[in-house]
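Chain A with the ligands: place on chain P using the hints.
Same order as they appear, the protein sequences are chains P and A. With the first letter of the first sequence counted as 1, position 122 gets the number 125 in the working numbering; the numbers rise by one all the way through. With the first letter of the second sequence counted as 1, position 317 gets the number 344 in the working numbering; the numbers rise by one all the way through.
In short, the hints are calculated from the structure, not lab data. Even glycine gets a Cβ: it sits at the ideal position worked out from N, Cα and C. The reader is advised that the hints may include incorrect statements.
What the hints assert, rightly or not - Result set (DSSO-like, lysine-lysine): computed pairs, CA atoms no more than 27 Å apart in a straight line: (1) A:K360 / P:K37; (2) A:K147 / A:K347; (3) P:K86 / P:K13; (4) A:K218 / P:K82; (5) P:K37 / A:K218; (6) A:K280 / P:K49; (7) A:K281 / P:K37; (8) P:K82 / A:K305; (9) A:K301 / P:K13; (10) A:K212 / P:K75; (11) P:K127 / P:K210; (12) P:K75 / A:K334; (13) A:K305 / P:K13; (14) P:K13 / P:K75; (15) A:K305 / P:K49.
Claimed, not checked - Residues of chain P clear of chain A, computed beta-carbon distances all greater than 12 Å: (16) D35; (17) M76; (18) L102; (19) A108; (20) F115; (21) E119; (22) D123; (23) K127; (24) T158; (25) D167; (26) L176; (27) V207; (28) Q218.
Stated by the list, open to error - Anything over 10 Å on all C-beta distances counts as not near chain A; from chain P, calculated: (29) L39; (30) G54; (31) L72; (32) G95; (33) F103; (34) E117; (35) R122; (36) V132; (37) C134; (38) C183; (39) I188; (40) S196.
Listed below, chain by chain, are the residues.
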Amino acid sequence: MEVDLPQLKKWLDEDVVILFADRNEKIPLISDLKLLSMGAEAYIFKARFMGVEAVVKWRFPKNYIPEELDEKMRRSRTKLETKILWKALSLGIKVPTPLFIDLDAGILIMSFIEGESLRDVAEKIDKDVLCQVMKTVGSYAATLHLNGITHGDLTTSNVIVAKDGVYLIDFGLASFTKRCEDMAIDLHIFFRSIESTHYRIEDVAKKCFIDGYKQVVGDSKTETLIRAVDSIRLRGRYIAARKLRTEWVG
Amino acid sequence: MIVLGIESSAHTFGVGIVTEYKENFILADERIQYVPKHGGIHPRESSRFLAEKAPMVIEKAFEKASLQLDDVNAIAVALGPGLGPCLRVGATAARALASFLKKPLVPVNHAVAHIEIGLKMTGLQDPVVVYLSGGNTAVIAYVEKRYRIFGETLDIALGNLLDTFARETSLGPPYVVAGMHVVDKCAESGKKFLDDFPYVVKGQDVAFSGLLTTALRAYRRGLDIHDICLTMREIAYNSVLEVTARCLMHTRKKEVMLVGGVAASPILREKFAKMAEKYNAIVGVVPPQYAVDNGVMIAWTGLLAFKSGLTIDLRSAIVKQRWRVDEVEIIWK
Ligand SMILES: Nc1ncnc2c1ncn2[C@@H]1O[C@H](COP(=O)(O)OP(=O)(O)OP(=O)(O)O)[C@@H](O)[C@H]1O
Ligand SMILES: Nc1ncnc2c1ncn2[C@@H]1O[C@H](COP(=O)(O)OP(=O)(O)OP(=O)(O)O)[C@@H](O)[C@H]1O
Numbered sequence: 004m005e006v007d008l009p010q011l012k013k014w015l016d017e018d019v020v021i022l023f024a025d026r027n028e029k030i031p032l033i034s035d036l037k038l039l040s041m042g043a044e045a046y047i048f049k050a051r052f053m054g055v056e057a058v059v060k061w062r063f064p065k066n067y068i069p070e071e072l073d074e075k076m077r078r079s080r081t082k083l084e085t086k087i088l089w090k091a092l093s094l095g096i097k098v099p100t101p102l103f104i105d106l107d108a109g110i111l112i113m114s115f116i117e118g119e120s121l122r123d124v125a126e127k128i129d130k131d132v133l134c135q136v137m138k139t140v141g142s143y144a145a146t147l148h149l150n151g152i153t154h155g156d157l158t159t160s161n162v163i164v165a166k167d168g169v170y171l172i173d174f175g176l177a178s179f180t181k182r183c184e185d186m187a188i189d190l191h192i193f194f195r196s197i198e199s200t201h202y203r204i205e206d207v208a209k210k211c212f213i214d215g216y217k218q219v220v221g222d223s224k225t226e227t228l229i230r231a232v233d234s235i236r237l238r239g240r241y242i243a244a245r246k247l248r249t250e251w252v253g
Numbered sequence: 028m029i030v031l032g033i034e035s036s037a038h039t040f041g042v043g044i045v046t047e048y049k050e051n052f053i054l055a056d057e058r059i060q061y062v063p064k065h066g067g068i069h070p071r072e073s074s075r076f077l078a079e080k081a082p083m084v085i086e087k088a089f090e091k092a093s094l095q096l097d098d099v100n101a102i103a104v105a106l107g108p109g110l111g112p113c114l115r116v117g118a119t120a121a122r123a124l125a126s127f128l129k130k131p132l133v134p135v136n137h138a139v140a141h142i143e144i145g146l147k148m149t150g151l152q153d154p155v156v157v158y159l160s161g162g163n164t165a166v167i168a169y170v171e172k173r174y175r176i177f178g179e180t181l182d183i184a185l186g187n188l189l190d191t192f193a194r195e196t197s198l199g200p201p202y203v204v205a206g207m208h209v210v211d212k213c214a215e216s217g218k219k220f221l222d223d224f225p226y227v228v229k230g231q232d233v234a235f236s237g238l239l240t241t242a243l244r245a246y247r248r249g250l251d252i253h254d255i256c257l258t259m260r261e262i263a264y265n266s267v268l269e270v271t272a273r274c275l276m277h278t279r280k281k282e283v284m285l286v287g288g289v290a291a292s293p294i295l296r297e298k299f300a301k302m303a304e305k306y307n308a309i310v311g312v313v314p315p316q317y318a319v320d321n322g323v324m325i326a327w328t329g330l331l332a333f334k335s336g337l338t339i340d341l342r343s344a345i346v347k348q349r350w351r352v353d354e355v356e357i358i359w360k
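So here's chain P without its partners, still in its complex pose (with noise of 0.2 Å):
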């Protein structure tokens, strides 16, 4: 896939002024742009912002949505992903800190999580680390939900355990909600994750999750919302014999 650079450069193709007490120092807003990841909306780079590391999420135009969409849709993930970053954050929960937006441009600058994503260290750290690791993202997730917030992404991939604690990173997918069902899904889609790369420590990652997330909502709440990503589990024609794998719970 090609990536549009120049564009991109284009939008960031500033200087800043750091004012020091004794000189000014005039460097680029962003350099050593790298790129990191091509998604379905959005390139992610790492890069330096004015000085720092950070990861800048650009989200692209596309030619095969309406422009007058596209620059609608690209605008409003943008802001709202800024948003509920910014929301988590108030909440205690760790997430990438928003630096830097431009709406026009679907640029959102954050800081870099340094940090390895649970995906690659799940079957190789201790049972012990793990469920603790688990837990926290259970509560996140809780505590998310209670304030009716979905990640709409919630996979290992988008865990990172750093030194200072466990992040949840990628919030391009996430919405305000009220709905138990959205909350659900949350959860089926963690669980599948969880069973697709995680088979061998399925049992213990999902009920290390579930008490990190009891302990924030309680048992009741949390036992109607698994009864409702079974439901959802057993939808359609070729959803077939697909195991109740949180049947064992509660």
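Frame of chain P; chain A with the ligands shown alone:
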């Protein structure tokens, strides 16, 4: 090698006979469809209809192929997923044929067969499969011996969204006129995009029921129906595109195969072509005739399986109404 395949999972009793030839591999393709007088398919009524027609369809297939009963090397049958009573008609017929002719019986998964015939017809090698019909919306990719469901709808199917909206707003039925869905047609005169229509992509999945509710509410509030059609259509199609793009990125595949009734939409096809270009992928569309239920797809998949040594004991040939596509090991790949 010649294989006869029987399909009867829902409303169609189909018998196909195929060979290994590269060209003209279809020797017979007979089908008969149960069309309910009104409402949806009633499994028992459909199965009664299929059972009544089965012998005639089988006979006709042999006639068309100019084959003697004994020329066939194996009998393949769709054992699921589908409606139990309907599936049993095919299974019974297949068991009877196999035992009478003393030929091996080959079990076939209906969903796998949809994919395999698509590959054969489009010539694609290893695509991301996008299945868009009235009842299904799924993005599927072959990984480690299985066709795995990468994403799917969490509530209603894309075709169901379009049809239900059309019905509730009296745009249809008929839902498709001259190759265009009435919603696509209605969207042509749309001028602006309406706010607050929910675009729902959750991880790798999509959902449309919220969009349907919002669109119908907008209609009842008296907003311009063309704008509603345009907004709803764009949001629905693009969410499927996004999930497909994500699957292309994750699996690094370079082909997309569109299958199912909604894949006939020219608007949708153009979008897929543009999206695929961005990801250096090519798009193939399964011809409508083979995207619907038919016996050829069962025969063809049966042939692939049989060549890899798969057969089933007559007594074990029982139907599985729920048989997930990713439960089947693809031994021929
Ligand atoms: N703030 C951050 N700090 C460190 N790494 C990050 C950060 N944000 C993203 N990444 C890295 O970039 C990768 C892709 O990011 P992200 O999941 O946000 O992209 P995406 O386009 O939404 O991907 P997908 O299409 O899979 O949803 C992450 O898996 C992670 O490794
Ligand atoms: N040209 C078209 N553009 C858009 N949609 C179309 C077009 N032609 C057909 N459709 C839609 O395709 C759907 C029918 O699909 P199809 O015949 O593949 O499957 P089905 O029998 O509904 O479902 P399944 O067999 O998967 O359970 C309907 O919703 C119909 O409106």
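Do the hints match the structure? See the list:
1. A distance of roughly 38 Å separates the Cα atoms of K360 (chain A) and K37 (chain P); the hinted pair therefore is violated under the 27 Å criterion.
2. Annotation: proposed proximity of K147 (chain A) to K347 (chain A) holds, straight-line Cα distance about 25 Å (limit 27 Å).
3. Pair hint K86 (chain P) plus K13 (chain P) holds up; C-alpha atoms about 25 Å apart against a cutoff of 27 Å.
4. Annotation: proposed proximity of K218 (chain A) to K82 (chain P) holds, straight-line Cα distance about 25 Å (limit 27 Å).
5. Taking the CA atoms of K37 (chain P) and K218 (chain A), the gap is near 40 Å; set against the 27 Å cutoff, the hint is violated.
6. This hinted pair checks out: K280 (chain A) and K49 (chain P) have alpha carbons roughly 25 Å apart, not beyond 27 Å.
7. For the given pair, K281 (chain A) sits about 24 Å from K37 (chain P) by alpha-carbon distance, which is consistent with the 27 Å threshold.
8. Our distance criterion of 27 Å between C-alpha atoms is met by K82 (chain P) and K305 (chain A), whose separation comes to about 25 Å.
9. A C-alpha spacing of about 25 Å is found between K301 (chain A) and K13 (chain P), which places the hinted pair at or below 27 Å, so the restraint holds.
10. Note on K212 (chain A) and K75 (chain P): the hinted pairing holds, with a Cα-Cα distance of about 23 Å set against a maximum of 27 Å.
11. Restraint check for K127 (chain P) and K210 (chain P): the C-alpha separation of about 18 Å stays at or below 27 Å, so the hint holds.
12. With a C-alpha separation of about 53 Å, the suggested pair K75 (chain P) and K334 (chain A) falls outside the 27 Å cut-off, and the hint is violated.
13. Straight-line distance between C-alpha atoms of K305 (chain A) and K13 (chain P) comes to about 21 Å, which keeps the hinted pair within the 27 Å bound.
14. Taken as a hint, the K13 (chain P) and K75 (chain P) pair is honoured in the structure, with Cα atoms around 21 Å apart against an allowance of 27 Å.
15. Distance check on the hinted pair: K305 (chain A) and K49 (chain P) sit about 22 Å apart at the alpha-carbon level, within 27 Å; holds.
16. Annotated as non-interface, D35 (chain P) keeps its C-beta farther than 12 Å from every C-beta of chain A; the closest such distance is 24 Å.
17. Under the 12 Å C-beta cut-off, the non-interface status given to M76 (chain P) relative to chain A is violated; the minimum distance is some 7 Å.
18. With a closest Cβ-Cβ approach of about 26 Å to chain A, L102 (chain P) is found to remain outside the 12 Å limit, as its non-interface label requires.
19. Distance to chain A confirms A108 (chain P) as a non-interface residue, since its nearest Cβ pair spans about 18 Å, more than 12 Å.
20. Residue placement check: F115 (chain P) keeps its beta carbon more than 12 Å from all beta carbons of chain A (closest about 21 Å).
21. The non-interface label for E119 (chain P) is consistent with chain A: the shortest C-beta to C-beta separation is roughly 19 Å, beyond 12 Å.
22. With a least beta-carbon separation of about 15 Å from chain A, D123 (chain P) lies farther than 12 Å from that chain, consistent with its non-interface assignment.
23. Annotated as non-interface, K127 (chain P) keeps its C-beta farther than 12 Å from every C-beta of chain A; the closest such distance is 22 Å.
24. Not every CB of chain A is more than 12 Å from the CB of T158 (chain P) (nearest about 7 Å), against its label as outside the interface.
25. Every beta carbon of chain A lies more than 12 Å from that of D167 (chain P), the smallest distance being close to 27 Å; the non-interface claim holds.
26. Its closest Cβ contact with chain A, about 6 Å, brings L176 (chain P) to no more than 12 Å, contrary to its assignment away from the interface.
27. Interface exclusion of V207 (chain P) from chain A stands, the closest Cβ pair being 22 Å apart, more than 12 Å.
28. Every C-beta of chain A lies more than 12 Å from that of Q218 (chain P), the closest at about 24 Å, which supports listing it as non-interface.
29. No Cβ of chain A comes within 10 Å of the Cβ of L39 (chain P); the nearest lies about 13 Å off, and the non-interface call holds.
30. Chain A leaves G54 (chain P) outside its interface by the beta-carbon criterion, the shortest separation being 31 Å against a cut-off of 10 Å.
31. Distance to chain A contradicts L72 (chain P) as a non-interface residue, since its nearest Cβ pair spans about 5 Å, not more than 10 Å.
32. The non-interface label for G95 (chain P) is consistent with chain A: the shortest C-beta to C-beta separation is roughly 25 Å, beyond 10 Å.
33. Every beta carbon of chain A lies more than 10 Å from that of F103 (chain P), the smallest distance being close to 25 Å; the non-interface claim holds.
34. Non-interface call for E117 (chain P) relative to chain A: holds, since the shortest CB-CB distance, roughly 24 Å, exceeds 10 Å.
35. Every CB of chain A lies more than 10 Å from the CB of R122 (chain P), the least distance being 12 Å, so the non-interface label holds.
36. Every C-beta of chain A lies more than 10 Å from that of V132 (chain P), the closest at about 25 Å, which supports listing it as non-interface.
37. The Cβ of C134 (chain P) sits about 24 Å from the closest Cβ of chain A, beyond the 10 Å cut-off, so the non-interface label holds.
38. In this structure C183 (chain P) is separated from chain A by more than 10 Å, as the shortest Cβ-Cβ distance comes to about 13 Å.
39. At the 10 Å boundary, the C-beta of I188 (chain P) falls inside the reach of chain A, the nearest C-beta of that chain being 5 Å off.
40. Once the 10 Å rule is applied to beta carbons, S196 (chain P) is inconsistent with being away from chain A; the minimum gap is 8 Å.
In this structure, the earlier hints numbered 1, 5, 12, 17, 24, 26, 31, 39 and 40 are contradicted, and the remaining ones agree with it.
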